[in-house]
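J.: Sequence:
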Amino acid sequence: RHRIRRSRLHRGPLQQYILHQRRRVERRAQRVGHASQFLALAIRVAHLIREELERLELESYVKTSGADGIHVLVPIARRATFEQTYAFAERVARGLEERHPGLVTTEWLKHKREGVLVDHRQNARGKTIASVYSVRPKPGAPVSTPLCWDELMEDVTPRRFGVREALERVERHGDLFAPVLAGGQAL
1 RHRIRRSRLH RGPLQQYILH QRRRVERRAQ RVGHASQFLA LAIRVAHLIR EELERLELES
61 YVKTSGADGI HVLVPIARRA TFEQTYAFAE RVARGLEERH PGLVTTEWLK HKREGVLVDH
121 RQNARGKTIA SVYSVRPKPG APVSTPLCWD ELMEDVTPRR FGVREALERV ERHGDLFAPV
181 LAGGQAL
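Following the working numbering from start to finish, the sequence shown increments by one per residue and tops out at 187.
Be aware that one or more of the hints could be misleading.
[To be verified] The following label-pair restraints were derived from C-beta to C-beta distances: (1) D150 to G184: 21 to 27 Å; (2) K112 to L167: 38 to 44 Å; (3) R164 to E83: 25 to 31 Å.
In case anyone wonders, no lab produced these hints; they're calculated from the structure.
Heads up, the beta-carbon is just placed ideally off N, CA and C, and yes, glycines get one too.
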């Protein structure tokens with residue numbers, strides 16, 4: 001992300017964060033016998049976000065958080081303000097919540113949350129995210145890694161991408177995150 005200097009313009013990509021309330025979803029997953037179901041739900045929601053953004057004729061990109069989440073990013077023209085990007089992200093998130101109740105939620109309080117949190121609140125001044133290719137302070141030192149959308153399948157586990165895997169991916173695919181930094185799409 002770029003810093004804002006004496007300007008109210010948004011200087012970075014629009015971010016839709018997909019988080020999940022692990023405890024509640026894991027309990028539900030255990031009832032059906034699938035311990036990793038919580039991440040599969042987050043991946044399913046990421047694809048719903050992508051479909052919605054495509055419907056709005058916006059290109060999106062996906063990366064792992066390096067922990068337990070998935071980040072969906074939309075490179076935008078630097079004309080949009082924080083208020084505009086927040087309002088846009090909120091409309092998308094609440095629209096998905098309305099069309100997919102129980103699967104998608106915008107509820108911030110964990111004890112009230114049902115489903116996968118699409119966190120539009122990250123599109124506000126002063127919010128931070130795990131930078132792409134950053135090593136996270138987790139067991140195995142996972143890296144926040146950009147993916148191609150067709151790679152984001154139910155068997156993806158964000159923590160399996162370590163430093164070696166991230167470097168191999170850049171060598172093989174190039175920098176999949178470069179288009180996010182280029183921006184250019186209008187909201």
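J.: All hints, please: hold or fail.
T.: Hint-by-hint comparison with the structure:
A beta carbon spacing of about 23 Å between D150 and G184 agrees with the range 21 to 27 Å that was offered as a hint. Checking the proposed 38 to 44 Å range against K112 and L167 shows it holds: the Cβ atoms sit about 41 Å from each other. Taking the beta carbon of each, R164 and E83 are about 41 Å apart, not inside 25 to 31 Å as hinted.
Going through the hint list in order, the structure does not satisfy hint 3, though it satisfies all others.
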